[in-house]
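Construct all of the structure, not just a fragment, from the sequences and the given hints.
Line order of the protein sequences matches chains A and B.
The opening residue of the first sequence carries number 1 in the numbering used here; numbering runs sequentially from there.
The opening residue of the second sequence carries number 1001 in the numbering used here; numbering runs sequentially from there.
No lab work stands behind these hints: they were computed from the structure.
Don't take every hint at face value.
Cut-off 30 Å, straight-line C-alpha distance, at most; resulting in silico cross-link-like pairs (DSS-like, lysine-lysine) [said to hold, decoys possible]: (1) B/1123 x A/118; (2) B/1123 x A/128; (3) B/1123 x A/125; (4) A/85 x A/34.
The following label-pair restraints were derived from C-beta to C-beta distances [what the hints assert, rightly or not]: (5) B/1041 x A/86: 34 to 42 Å; (6) A/66 x B/1096: 18 to 26 Å; (7) B/1099 x A/65: 21 to 29 Å.
Interface residues of chain A toward chain B, partial, derived using beta-carbon atoms under 10 Å [as the list claims (entries may be wrong)]: (8) 9; (9) 14; (10) 22; (11) 60; (12) 95; (13) 102; (14) 140.
Here a beta-carbon is modelled for each residue, glycine too, at the ideal position from N, C-alpha and C.
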Amino acid sequence: MSTQSIALLLTAYGLTALLLVNLLFFTRWMWWVKGIAVLAVGFLFHSTWSALPHLLGWPTARGLPERFNLSALEIVEPDKSGQNKGAVYLWVTELNLDGSPRTPRAFVLPFHPELQTKLAMAGTKLRKNMPQVGEVVDTPFESGPATAHGAQAINLVFFDLPDPLYPEQNPR
Amino acid sequence: MQLGQGGIVSAYVIVSLVLIGLGLYSRWSLKIKLAAVILVTAAWLAVYFSLPHLLGWPTDQNVPRRFNLFGVYIQEPDPHTGESGTVFFWAGDLAPGADPRPRAYKMPFKATYKSVFQEAQGKLRQNIPQEGEIELDDEAEGRPLDWTRLGQKSVKIKFRDAPVNLPPSKGGP
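See below:
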């Protein structure tokens, strides 16, 4: 989880609490109005705190790294009725050629037949124990763009993770 | 109580009502009222822009009782850095009416979890969809090795090959 995001949330809480303190000590409102304000802010803090865990874990449409290690994928094809536009779910870690531990993050991308073909190939290689690196490319799809989840389709390319290069043991 | 996006939105509506009341019925000077509006707006913008950065990351809560496994990622404990290790998995809830999208979960590393998840991962690689089931293990035995995890419930996980009527995963392991 991004430390910056947590800092921003805490700042937001701090600003709201500051407003409440002002209201309590520097207004001439009736005590019950102040009580309602305290309850309202308390509810705000509690609901935000309780709601956050329910938002975690679900895929996001934003922030896919330019290069990533593909851990898993799931493709939902669109149905013929057109109600379900389909989606591509990716579970990726930021590219780490050094093998250092990274936390995987889930993303959702609009479905596109060309992307489906590429992902199916990458999935087959993953099953054969060939780690796959994905890269976001600017090249448009040949059959036109697709949109879903409020985002433009993103074109990706996949290639096998290169073997790590080890330094010579007895350098001269 | 389960509060999702609706909880956050209603909370902000309530605070905005308080702000409106403050603006209309308090005897504060115009400067202070403006400062209050700016403060609340800044707070809302901070939440709005920080929430997307929290999405997509794994959660250690609300792991479904029965789930369809899509992926496994295991971080082993590192004695050099002191990292305790984590088992990450990506799964879809099989409860009736549940959100069909895959969700990312994490659990603290345990040798038993590692072995069951690795076995399930191996089967996924053979294109055999895996269905997981969680059993809460309330009767904790012995004393916890890590006292920071005192409140954490221990769970048992078992996997079996998913029934044929489950749509097979088109993705990788």
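Range hint 34 to 42 Å (beta carbons of residue 1041 of chain B and residue 86 of chain A) holds or violated: Cβ of residue 1041 of chain B to Cβ of residue 86 of chain A: about 38 Å, so the range 34 to 42 Å holds.
Hint check, residue 60 of chain A versus chain B [nearest Cβ-Cβ separation less than 10 Å]: holds (4 Å)
Residue 9 of chain A as chain B interface residue, shortest Cβ-Cβ below 10 Å: This hint holds: residue 9 of chain A lies near chain B, its Cβ roughly 5 Å from the closest one there, short of 10 Å.
Hint consistency between residue 1123 of chain B and residue 125 of chain A [alpha-carbon to alpha-carbon, up to 30 Å]: holds (15 Å)
Status of the hint placing residue 140 of chain A at chain B (closest C-beta pair under 10 Å): violated (24 Å)
Distance restraint between residue 1123 of chain B and residue 118 of chain A, which requires alpha-carbon spacing of 30 Å or less: Status holds; Cα separation ~23 Å.
Chain B contact restraint for residue 95 of chain A - C-beta distance below 10 Å: Interface hint status for residue 95 of chain A: violated (15 Å vs cutoff 10 Å).
Interface hint for residue 14 of chain A, Cβ within 10 Å of any Cβ on chain B: holds (8 Å)
Proposed proximity, residue 128 of chain A with residue 1123 of chain B (alpha carbon, max 30 Å): holds (12 Å)
Cut-off 10 Å, beta-carbon criterion: hint that residue 102 of chain A touches chain B: Because about 9 Å separates residue 102 of chain A from the closest Cβ in chain B, which is inside the 10 Å limit, the hint holds.
Consistency of beta-carbon spacing, residue 65 of chain A to residue 1099 of chain B, with hint 21 to 29 Å: holds (25 Å)
Cut-off 10 Å, beta-carbon criterion: hint that residue 22 of chain A touches chain B: Where the cut-off is 10 Å and the nearest Cβ of chain B is about 7 Å from residue 22 of chain A, the hint holds.
Hints 4, 6, 12, 14 from the list above are not met by this structure, while the remaining hints are.
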